[in-house]
Amino acid sequence: MADSTAAVDETAANTLLHAAEAAAGTQTSPPGSGSLGPFSAHWSASASFAGGSVSLAAPDTVSIDNIQVSYSLNLSLGIDLSFLDFCLPQVCIPTPFGDICTPKICLTFPSINVPVSFSSSAILSADFGINVHLTAGTWFVDVVIQDVRKLDLGTAATALLLAIGAAIATALLAVPFIGPFLSLAVAALTAAFGLAEVTGLLGPIVSLFVSGLTFNVYQHSQDFQVLPASGPFDPAVDVTLVTVTAGVQATDKNELVLSVDI
Amino acid sequence: MNTLDSRFLRLGDCFAHRFSTPGTFGYALSPLPASLAAHHGEPPALAVIVTAADDAAGAQRQHYVTVSMAGGELRARPAQLRVTAGDLVIWSGDKSVTFAFRVRGRIGDEVIDSASLRTESVFTHAFGLPGTYEWADANGSGLRGQVRVAMPAAAASHEEWLSRLEQGTLVHVRGERAEPESVDIIVGQTVVWAVEDAPGVSITDATLIATGAAGAPA
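Protein chains in written order, with the working numbering: chain X, 1 to 262; chain H, 263 to 480.
There could be a bad hint or two in this list.
Think about it this way: if two alpha-carbon atoms lie no more than 25 Å apart in a straight line, the pair counts; the simulated SDA-like pairs of lysine to any residue are [as the list claims (entries may be wrong)]:
1. X:104 - H:446
2. X:104 - H:266
3. X:150 - X:120
4. X:104 - H:406
5. X:104 - H:344
6. X:104 - X:85
7. X:104 - H:272
8. X:150 - X:14
9. H:357 - H:272
10. X:104 - H:448
11. H:357 - X:173
12. X:150 - X:197
13. X:104 - H:410
14. H:357 - X:93
15. H:357 - X:176
16. H:357 - X:175
17. X:104 - H:434
18. H:357 - X:81
19. X:104 - H:361
20. H:357 - X:85
None of these hints come from the bench; they were simulated from the model.
Please read all numbers here as calculations on a predicted model, not as lab measurements.
Generate coordinates for the entire structure from the input sequences, incorporating the hints supplied.
See below:
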């Protein structure tokens with residue numbers, strides 16, 4: 001039998017969860033790369049978590065529904081514009097020195113990098129397991145994601161598709177001789193990829209933050225002082241938490257129970 | 263790309279000169295803004311050989327010299343060109359010239375320099391971006407002007423736009439005056455500056471010219 005036991009019901013568990021989300025702050029992923037249709041894509045992203053509601057299921061499942069995953073994405077698309085290559089026609093004009101005709105001049109358009117900044121949120125519902133561990137003299141009780149039941153990007157893919165189209169148009173405006181081609185060029189480029197390709201790019205990026213998601217709901221020093229010294233013959237009293245276990249117990253209600261041996 | 267500056271010829275620019283007197287124009291091409299010395303006492307690698315006009319020779323002819331980059335060097339094709347007095351020679355770069363170049367040389371006592379345009383020289387520039395371009399002489403004279411570049415009408419088809427690109431606009435440069443001083447064109451069109459009686463001017467975007475006191479070129 002444990003020396004000490006603490007229990008939190010689902011209401012208190014929600015409070016612990018929301019505090020853990022706030023403590024986790026904004027997480028940044030390492031830069032990554034992929035593709036968007038025929039174009040290369042390089043990106044960096046960050047995400048934070050908030051909200052959600054906890055339900056507990058014995059023996060050790062913490063289900064959390066509707067966590068809001070707020071993310072920001074910096075995307076750079078590599079776009080080959082060579083399909084726009086064309087030639088300036090010969091220009092003939094009378095001058096004081098005789099008629100002059102310029103040669104036909106063929107222009108090649110460079111590949112460009114189009115930056116896109118985008119922020120949105122997704123809704124996550126998942127089952128978490130409980131992981132208790134002693135690290136560097138501190139006991140941690142974490143809930144660790146085990147099974148993603150739902151990751152809903154909502155309308156983000158549609159919004160990102162629009163943002164990419166606008167970014168392409170802006171980037172093309174700075175390329176000489178593109179102006180009269182602009183609408184044709186933007187239409188041709190955005191036709192090269194659609195919602196499915198954008199979702200295929202966005203989904204894995206958001207999933208990176210979900211995979212291995214861990215919230216720390218409790219931590220305590222293994223060794224701590226419970227009573228200070230109160231005289232030369234009354235030394236301080238220290239306690240060592242020898243073992244800590246955690247699980248879900250179903251009694252009159254489901255509770256997350258923490259048991260400690262000292 | 264597409265910077266307005268006759269001192270540095272880029273893709274979309276041409277430099278032309280009418281060779282009115284016989285002789286040999288020995289010249290060099292350079293990617294550098296520094297002045298080029300004419301080659302004294304040695305046969306020039308690049309030359310325009312101007313022979314006397316023959317009454318039977320017929321009308322003025324135009325000759326093209328294409329400048330390209332190969333092996334890290336600027337090359338002219340043809341390297342040696344024979345023309346008749348009164349003919350025009352036009353230099354322009356091809357796609358391999360990714361930066362800029364300058365044509366400079368001498369025929370008799372006359373220096374012909376694309377960075378310092380004198381009488382019977384022509385500079386052309388195709389404008390690729392809309393906007394209002396204030397231009398001036400980076401060599402210090404009071405010559406200046408304006409080119410207003412508009413986007414073609416939205417209703418114009420691609421083919422209509424391409425056909426309009428065949429229409430050039432002429433600006434006469436006489437001394438320190440440009441006539442007309444202001445012109446209006448659409449994106450993709452070419453302006454042709456014909457330099458008559460000028461001491462050696464450039465056609466340069468005014469934003470590229472460093473200014474000293476009172477706005478004068480530095």
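Do the alpha carbons of residue 357 of chain H and residue 176 of chain X lie within 25 Å of each other, as the hint requires?
-> 15 Å, holds
Going straight from one Cα to the other, do residue 104 of chain X and residue 446 of chain H come out at no more than 25 Å?
-> OK: residue 104 of chain X and residue 446 of chain H at ~22 Å, within 25 Å.
Mind checking the alpha carbons of residue 357 of chain H and residue 85 of chain X for me, to see if they're no more than 25 Å apart?
-> With a Cα-Cα distance of about 11 Å, the restraint between residue 357 of chain H and residue 85 of chain X holds, given a limit of 25 Å.
Verify the proposed pairing of residue 104 of chain X with residue 434 of chain H, using a straight-line Cα cut of 25 Å.
-> This hinted pair holds, its Cα atoms lying about 23 Å apart.
Is the hinted pair residue 104 of chain X and residue 344 of chain H satisfied, with a Cα-Cα distance of at most 25 Å?
-> 22 Å, holds
Taking 25 Å as the top limit, are the C-alpha atoms of residue 357 of chain H and residue 173 of chain X close enough?
-> Answer holds: residue 357 of chain H to residue 173 of chain X is near 22 Å, not above 25 Å.
Given hint residue 410 of chain H paired with residue 104 of chain X - CA-CA distance at most 25 Å | Within the cut-off at roughly 23 Å; holds.
With a cut-off of 25 Å on the C-alpha distance, tell me whether residue 104 of chain X and residue 266 of chain H pass.
-> Holds: residue 104 of chain X and residue 266 of chain H sit about 19 Å apart, inside 25 Å.
Pair hint residue 357 of chain H and residue 175 of chain X, alpha-carbon separation not exceeding 25 Å = The hint holds at about 16 Å.
Regarding the pair residue 150 of chain X and residue 120 of chain X, is the alpha-carbon distance no greater than 25 Å?
-> 17 Å, holds
Pair hint residue 357 of chain H and residue 93 of chain X, alpha-carbon separation not exceeding 25 Å = It holds: about 24 Å lies between the C-alpha atoms, which stays within 25 Å.
Does residue 81 of chain X lie within 25 Å of residue 357 of chain H when you go C-alpha to C-alpha?
-> Since the Cα atoms of residue 357 of chain H and residue 81 of chain X sit roughly 15 Å apart, the hinted pair holds (cutoff 25 Å).
In summary, the structure is inconsistent with hint 4 from the numbered list given earlier, while agreeing with all the others.
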